[in-house]
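Asker: These protein sequences, in sequence, are chains L, W, A and F. At position 350 of the first sequence the residue is numbered 433 (my numbering), and the sequence of numbers has no breaks. At position 61 of the second sequence the residue is numbered 144 (my numbering), and the sequence of numbers has no breaks. At position 22 of the third sequence the residue is numbered 105 (my numbering), and the sequence of numbers has no breaks. At position 21 of the fourth sequence the residue is numbered 104 (my numbering), and the sequence of numbers has no breaks.
Keep in mind the hints are simulated off the structure, nothing from the lab.
Remember, identical chains collapse to one label, so a pair may be satisfied in a single copy or spanning two.
Straight-line C-alpha distance at most 27 Å; calculated DSS-like pairs for lysine-lysine:
# : residue 1 : residue 2
1 : K295      : K308
2 : K126      : K295
3 : K276      : K198
4 : K87       : K126
5 : K179      : K87
6 : K126      : K276
7 : K198      : K308
Protein chains: 4
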Amino acid sequence: MNDKIRIGVLGASGYTGADLVRLALLHPRMEITTLTANTHAGKSMAEVFPHFSFVDLPRLTTIEDADWGSVDAVFCGLPHGTTQEITRSVLSKHPKVRFIDMSADFRLRNPETYKAWYGSDHAAMDLQVEAVYGLTEHYRTAIRDARLVACPGCYPTATLLALLPLASSGRIDVSDIVIDAKSGVSGAGRGLKQNLLFTEAGEGLSPYSVGKHRHAPEIEQEISKASGQDVIVNFTPHLIPMSRGELCTIYVRLAGGSSADDIRAELMDAYREESFVHVAPAGILPQTQNVRGSNYCQIGVVPDRIPGRAIVISVIDNLVKGSAGQAVQNFNLMFDIEETTGLMQQALFP
Amino acid sequence: MNDKIRIGVLGASGYTGADLVRLALLHPRMEITTLTANTHAGKSMAEVFPHFSFVDLPRLTTIEDADWGSVDAVFCGLPHGTTQEITRSVLSKHPKVRFIDMSADFRLRNPETYKAWYGSDHAAMDLQVEAVYGLTEHYRTAIRDARLVACPGCYPTATLLALLPLASSGRIDVSDIVIDAKSGVSGAGRGLKQNLLFTEAGEGLSPYSVGKHRHAPEIEQEISKASGQDVIVNFTPHLIPMSRGELCTIYVRLAGGSSADDIRAELMDAYREESFVHVAPAGILPQTQNVRGSNYCQIGVVPDRIPGRAIVISVIDNLVKGSAGQAVQNFNLMFDIEETTGLMQQALFP
Amino acid sequence: MNDKIRIGVLGASGYTGADLVRLALLHPRMEITTLTANTHAGKSMAEVFPHFSFVDLPRLTTIEDADWGSVDAVFCGLPHGTTQEITRSVLSKHPKVRFIDMSADFRLRNPETYKAWYGSDHAAMDLQVEAVYGLTEHYRTAIRDARLVACPGCYPTATLLALLPLASSGRIDVSDIVIDAKSGVSGAGRGLKQNLLFTEAGEGLSPYSVGKHRHAPEIEQEISKASGQDVIVNFTPHLIPMSRGELCTIYVRLAGGSSADDIRAELMDAYREESFVHVAPAGILPQTQNVRGSNYCQIGVVPDRIPGRAIVISVIDNLVKGSAGQAVQNFNLMFDIEETTGLMQQALFP
Amino acid sequence: MNDKIRIGVLGASGYTGADLVRLALLHPRMEITTLTANTHAGKSMAEVFPHFSFVDLPRLTTIEDADWGSVDAVFCGLPHGTTQEITRSVLSKHPKVRFIDMSADFRLRNPETYKAWYGSDHAAMDLQVEAVYGLTEHYRTAIRDARLVACPGCYPTATLLALLPLASSGRIDVSDIVIDAKSGVSGAGRGLKQNLLFTEAGEGLSPYSVGKHRHAPEIEQEISKASGQDVIVNFTPHLIPMSRGELCTIYVRLAGGSSADDIRAELMDAYREESFVHVAPAGILPQTQNVRGSNYCQIGVVPDRIPGRAIVISVIDNLVKGSAGQAVQNFNLMFDIEETTGLMQQALFP
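Okay, chain L solo, but in the shape it has when bound (with noise of 0.2 Å):
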């Protein structure tokens, strides 16, 4: 008897499609059967990806030409903006189908706010109040019977496993939130950019995209909810020398009394049987080194010498839990398999 699931990777020559298929060659539950990559069909992985060459993978093929009633799920790594009408179209002609998406598409719940970050009206807006927001922790319940989750976006998932117990209990001042974020240079894509050429990124530190990056709307929707406030938040990303992970220093001040070893116990208690979320004792720092490649989500809390503040840091894999992972997480949610499955790599380090 099989009992695998079989899958479909959306955009399999991207760096999120490639650690999806990384992942999903580990798992015990899934058959990859579907590879599309528009401009690459035809090819072999192998060919586009040669760190696949070891492994047996179908060929890539164009979204148009898959057959999408052989696949049960799908993720989703495309780019923002091309996933809404192929959503639409795989969702409607092969209803069983699971629909995983890591492109930002389905992420943003109201339409003005799409439009005024994203330049253009949504064109599935029937799917996006559908979709359930993928982040594990937190939307748990509703990602078991979904048919279209929306993952997090990498920063998202850094910023919002760390602040949303503290915003839903009111342990900090959500009006006050200055979120530092920190990331490797594959969060950015395999798009030919000038500033991503090694002799550009290499050796050199950037701020980026300062108070206009997509992923800070999403941050305010998922803090406003938990608050119960409307919430704008300092969002600043900076583009570091190294190829994965995501270091996010987060500054917050505290409310109702709260101190620093309040809120990290407050964290502790939030994520205690939690597989992937684990919160530093005092005195422990998190780094990125204790994630990459791996799906774990580390959070740490100093005080802050500033007297009612503190600072909170938490560290991900951005292509791992702020992408692929999550999003294999999800899928073994939505198919009743065993949470970590196909998720328990440590990291690779050195």
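With chain L fixed as given, assemble chains W, A and F onto it according to the hints.
Answerer: Coordinates of chains W, A and F only, in the frame set by chain L:
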């Protein structure tokens, strides 16, 4: 029923030991019961390697305090020279234990050669005689029954996988072999040396130990054996600003009328049934990115513009196929487990 | 006629000392006559820093053996704590010598603060009182006549150049300053520490000394002085996988009805005549690549999406404007030489 | 009186052009009057290279719009193939202009070789005949009077400086030369190619263009000329995860009873009076860190364990001695300026 094989790791605070632990945690038949690190005895692994903060592992102990009666297999990641007495002691007291040595202590057959390169007499000559050289693909039968396996060094692994089939078939002139070897910094271990600092090794490239590297006699021993001639090779290592990965560019003179295509075909024949050694088709060049974090070796052959010569390129991850991964592969053989068990992770890329 | 000024460098085997030597070799008025490095005394600089193999330099000597009577100026790149007695000794015996200290020993005005952060009483309080804080652009007049200049730390340099004009003009609320600081690994010096190994610091990002870094009191001292208020700042440093460069992302609350444009204009006014401090026009973000190897500081201002807040970004090369370059700039002032002499190298990019 | 020599830079938006500008800004006799970059015409250099934000430079123009009558010397950093017509046009209209070409267009003497390696006929054969090969130390006399100097490629520079004295003296067997070459990523230019992305080139090592690199015929031309034999060399380049720097490990067979010490002595003799080429004493290995950002070439010789062979190691900064620095050195010769002028910066280390 517990079908786990209990393992101990000697030298768990080094990179080789840590990578063994990483692989063991994913191995369905291994149970880690003992971890030693004399200078860190009493600490948790998380204190020594914070990327292991998220899993349960035995506390570090001294070699003396470890209960070797409670392990079935020992992996040794100690620096060379320290292993000989320990190995003797463990094996004499616990004759059923299987010992998989990742150090350099039992690789050289000739005691004179050992003394010449390591500066002292060998302290366990009887065991050296017994030890099987752990280059899995070439010593499989002997490894299966061995009590003591001496896993090859990282450079010898990459080099010998490329050269042994050519040396034994007479396709190359073994008196004229130039091995230009390049390794990531983890190959030098975790010791505190100035040239290993980020500021010193980063953004730069250094040859080192030219004409003096201890992996040379190991390579010579095996090529001599395969070819039936006493061989001296040129072996010139370089330190590359990356953490993992190793590439050997090997310049050979063809013999017996062979062409580059002939030796590629010879290598393809030799490794056709192998899971971890892959010979690239003509036109494809191996690169370390293809094998980072994985147990694969990729080999490519390129015709030289100088008539009668060819270039053979071999890449591995120095800590996996070059050390801990090959040790696990040998373990699988020794305990009659499917050889690829726990080793099927593809490269972590990017 | 020889119009050279004879200089000595204390601690020439560290990165700060080496960068001073690099700059001095191009300075038309400097002649290097003395280089000390107690643990390397007797060696040539080329043995300690092989990149100095191609120039003639004095042999390294101990501090005790150096002839301080034959130097006109001393640059000190020793670790903090070691400088106090040496400075007193040199200055008392050779009252005409000018002393430019790149260590931390004479930066803090308040002996209690010194003791609290450095763990011991100051051994040369009289000199501490005399020392001028060497932030060139803000202490120019006093530096000109100073016998002892205490050059600022690298983080204080980047931070104070960005904040002092705003603090003194009342444009920002100095009680709410968050400084998220990022530095290349050279900022930690050449000492052998595990976290500075290529394998540990590479491909990863780590916060460190959060809430405990000794540059915090130095920043607070100067902002308090400029604003007339007792200030505590949040200062959170991170280690970045690059050798050189430092970027401070500073989150400020605007005061007195200021906008981001106002504070940018304020900074432009403050530095309009300066050679080395440049304020970027709106829309341009500083990055460390722009200043690598140079004495420049580049500052940018970005409006925060949170009303009433702004983001100020400041970059320097930690070893140049953050240490040896600023020391040379002060030297030029002290010896009545055109201030930019020997410092006009643009960044080495890529 | 203005004793400045007015220079123009063709292709100022590439790395070679930018490094020429960096050096020119420190050169006491150069005045930059013209900078071309066809695709960026109209922009400031700061827009194309933000590290030039702090200096005044002419605005970028097209080649057509530049006033070549107002320059005394032209440095050309265009890609090969584009230079031929431009050179002819400038030189025919402005016969007093001296042309220093950093492209590949005038390096090969033989039109057949040019066509074979570059795929098209040469469009300015008359000029190719006139051009002097700009390897300064070996063509000094001819360069002094040349109107058109073809500066060598980076790899040929490093290789020929190491081999020419040995080839011409008969110390090595020129029919058996293996050049294992390693370069930082800037050697590949600023073009947008996937393999040059930080995520692709970082933490990895790749051979490329094996047996096909266009620097091979250039090396062969000069070694053939020096030795009086038709020479084919093995030349195998590798891409190293660093921005700058180049190291060639050259494996040679000794001739005429020479030893490694003999050829080291031969090289020391050859370069004893040279400012920029330094032969390391026995036991010292060159490394790219020693020359980063500088115009030096460092050469070391190591005995091979294989009798009758030796290893010669040569390092340069590919953009300086391998391109812009050597071009400035030639400029100095051509304009009768002290040869080291503007080139005495030591390496930027760390």
